[in-house]
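Given next are the chains, with one letter for each unit.
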Amino acid sequence: MPDATTGEEARGSHEPLAVELSGVTKRFGDVVAVDDITLEIGENRFYALLGPSGCGKTTTLRMIGGFEDPDAGSIRLHGEDVTGLKPYQRPVNTVFQSYALFPHLNVFENVAFGLRRKKVPSAEVTERVGEMLDLVQLVGMDKRKPGQLSGGQRQRVALARALINHPRVLLLDEPLGALDLKLRKEMQIELKRIQNEVGITFVHVTHDQEEAMTMADTIAVMNEGRIERLGGPTEIYEDPRSAFVAGFLGASNLMQGDRKGNAATLQDGTTIALPEAGAAGVDGDIQLGVRPEKMSLQAPEAAPPGANSILATVVDVSFIGVSTHYLLRTSWGADLVVVVQNLDDERHAAGSSVAATWLPQHTFVVS
Amino acid sequence: MTTDTATPPAATPPGAGQTAGAASSKSKRKRVPYLLLLPGGIWLIMFYVIPMIQLAGVSLQEGSFQTGYRFTWAWGNYSAAFTAFGGHFIRSILYAGTATLLALLIGYPLAYAIAFRGGRYRNLLLILVLMPFLTPFLLRTLAWKVILADSGWVVGVLQSIGIIAENGRLLATGWAGVAGITYNFLAFMTLPIYVSLEKIDPSLIEAAQDLYSNSRTAFRKVTLPLSRPGIVAGTLLTLIPASGDFVNAQLLGNPQQLMIGNVIDSRFLRIVDYPTAAALSFTLMVAILLIVIPYVRAVGTEDLVA
Chain A
1 MPDATTGEEA RGSHEPLAVE LSGVTKRFGD VVAVDDITLE IGENRFYALL
51 GPSGCGKTTT LRMIGGFEDP DAGSIRLHGE DVTGLKPYQR PVNTVFQSYA
101 LFPHLNVFEN VAFGLRRKKV PSAEVTERVG EMLDLVQLVG MDKRKPGQLS
151 GGQRQRVALA RALINHPRVL LLDEPLGALD LKLRKEMQIE LKRIQNEVGI
201 TFVHVTHDQE EAMTMADTIA VMNEGRIERL GGPTEIYEDP RSAFVAGFLG
251 ASNLMQGDRK GNAATLQDGT TIALPEAGAA GVDGDIQLGV RPEKMSLQAP
301 EAAPPGANSI LATVVDVSFI GVSTHYLLRT SWGADLVVVV QNLDDERHAA
351 GSSVAATWLP QHTFVVS
Chain B
368 MTTDTATPPA ATPPGAGQTA GAASSKSKRK RVPYLLLLPG GIWLIMFYVI
418 PMIQLAGVSL QEGSFQTGYR FTWAWGNYSA AFTAFGGHFI RSILYAGTAT
468 LLALLIGYPL AYAIAFRGGR YRNLLLILVL MPFLTPFLLR TLAWKVILAD
518 SGWVVGVLQS IGIIAENGRL LATGWAGVAG ITYNFLAFMT LPIYVSLEKI
568 DPSLIEAAQD LYSNSRTAFR KVTLPLSRPG IVAGTLLTLI PASGDFVNAQ
618 LLGNPQQLMI GNVIDSRFLR IVDYPTAAAL SFTLMVAILL IVIPYVRAVG
668 TEDLVA
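Respectively, the protein sequence lines represent chains A and B.
Residue 367 is where the first sequence ends in the working numbering, and the numbering goes up by one at each step.
Residue 673 is where the second sequence ends in the working numbering, and the numbering goes up by one at each step.
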């Protein structure tokens with residue numbers, strides 16, 4: 001997956017941004033749900049707001065949709081200030097978390113709802129609903145009531161009901177949360193396909209990091225009402241920059257170190273080389289990390305030259321088919337997780353001493 | 368509304384004794400629903416079906432209290448009753464209909480406010496709606512007599528602002544009767560509507576707003592259709608008993624413009640003209656059914672059940 005252009009890079013260009021939040025804050029009583037967020041979402045992006053529950057991602061989405069008014073800051077859609085406008089006055093549509101299909105209307109009328117409100121002629125409504133049901137693969141279901149549909153079909157109706165209005169931006173609030181794992185995987189690919197086909201900016205709220213990485217070209221990781229990290233999936237995975245992002249997006253081995261220039265010394269005196277790109281930074285106490293799948297295990301004396309290497313003891317080995325997970329303990333008592341692909345028969349038994357090694361460019365420094 | 372006769376429970380016991388062995392557990396399972404119906408069925412037969420048949424018989428009798436009544440297929444009772452009291456029928460339907468409409472106009476906003484704006488006071492507000500039921504029906508209606516009295520403050524205020532004439536009154540008018548019915552049946556209207564409104568997922572209203580509906584259109588296209596079962600239940604629970612009501616008309620209404628319930632009441636208990644009273648009762652039942660059936664068909668709720 002190529003690195004996507006981030007919001008920061010798009011700033012220089014003159015094409016209008018699909019969504020622009022500046023200094024947006026939302027409080028519920030004493031709780032600050034969204035804390036001074038500034039966000040720029042370019043045209044035709046698949047943008048994910050990712051974070052644990054209560055991080056403010058849904059509130060942010062609801063403010064873009066017009067269901068909550070920000071206490072401070074402004075919201076622009078395609079350069080137009082929409083702060084304070086009602087939901088029905090905004091050129092956006094939402095796919096709700098629980099789909100919110102109208103139970104008293106059939107599939108056709110659910111999908112046609114927005115067009116009917118806009119007084120679109122009946123013949124055009126029939127044609128466009130037909131096209132939409134075709135796009136979401138629900139042909140022949142138009143007479144059914146939402147109660148007669150499966151979870152996946154309801155999801156498609158909700159999507160069709162929003163997309164038929166040709167919104168400039170489509171907001172999706174945990175749209176796959178209610179589906180089972182297999183269906184969720186299918187719908188992830190499906191959503192990505194539909195986004196490519198219709199070429200609309202999707203803003204997608206999720207707590208599922210895998211879902212965000214699969215679909216989105218830009219991810220904003222949120223925590224406690226703020227954006228912790230913004231960028232393409234690869235970029236933020238490889239260089240999470242904060243301990244929170246490193247832990248939330250996949251697994252990480254984090255270690256304390258004392259930094260001096262382009263290297264850091266661990267508690268047992270081991271020297272770890274830092275990547276060239278991360279060289280800019282202050283010396284002193286830092287946390288450095290490395291992803292479990294970037295490490296490999298060797299006998300202590302066989303560590304390749306030039307690689308970072310830590311001596312440790314194997315505590316636990318679990319074979320899970322595609323890979324083997326090792327739990328290691330370092331001499332100073334820290335736990336490390338190493339994931340090794342099952343390429344050969346070489347296994348390290350529990351209790352043996354090993355060297356966990358990785359390339360310097362796979363090291364990242366977090367704040 | 369009316370439950371059909373409970374013949375099934377009567378039909379099972381004979382067959383039950385013949386089954387034996389492995390088949391008995393299966394037949395037992397078949398019998399359980401009928402056994403569950405039994406208490407209610409017996410109750411309805413004894414206190415509803417048998418009296419109804421009796422009443423039907425009485426409505427076709429001839430004679431007088433002094434000479435005794437004889438069953439003579441006297442269909443003339445019906446035409447005589449309707450000729451004599453047709454005006455009362457029409458007035459009853461009119462009063463009950465007006466009161467139902469008023470109860471809907473007051474009850475719907477009340478139920479809506481409790482369901483969507485009640486917050487943590489919801490239960491308290493519901494108890495307040497039910498509070499009048501803690502005092503007896505008769506007492507509540509008598510209290511209205513005091514409120515609407517000629518020397519009462521309501522009449523005084525309305526006279527001074529010119530809504531009613533200088534010597535005008537409220538008590539002993541048709542409107543007082545309608546007001547009494549509206550008040551007494553308001554909770555029957557409010558509670559079913561509340562239940563249907565309370566079930567509506569607020570995200571449905573957000574979805575309507577998202578799809579270019581302002582608050583008014585969202586109400587018309589989503590909230591109102593989804594609360595229809597409550598409206599149907601509430602109007603039936605108000606209209607049907609209100610049509611036969613006689614207490615409000617008697618205590619608050621105009622003595623010259625009574626309702627059919629008053630006529631039936633006096634025919635049964637004071638004039639002791641059982642056949643006419645019975646014929647009036649049956650005519651009222653038919654009249655209500657003729658109104659209710661097309662109503663339920665027209666605004667019926669079948670299509671809401673997915």
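Each hint should be verified, as a subset may be incorrect.
What the hints assert, rightly or not - Here are the computed lysine-lysine pairs in the DSS-like style, where the Cα-Cα straight-line distance is at most 25 Å:
1. Lys119(A) - Lys145(A)
2. Lys192(A) - Lys182(A)
3. Lys119(A) - Lys588(B)
4. Lys145(A) - Lys397(B)
Stated by the list, open to error - Distance ranges between label pairs, derived from CB positions:
5. Gln256(A) - Leu491(B): 40 to 50 Å
6. Asp69(A) - Arg489(B): 22 to 32 Å
7. Lys118(A) - Ala423(B): 25 to 35 Å
Stated by the list, open to error - Short, incomplete list of chain A residues facing chain B, as computed with Cβ under 7 Å:
8. Thr83
9. Phe108
10. Phe113
11. Ser122
12. Thr126
13. Arg128
14. Tyr237
15. Ala243
16. Phe244
17. Ala303
Read the hints as simulated data drawn from the structure, not as lab findings.
Glycine included, every Cβ here is placed at the ideal spot set by N, Cα and C.
query = What are the numbers of the hints the structure violates, in ascending order?
reply = 4, 5, 7, 8, 9, 11, 12, 13, 14, 15, 16, 17
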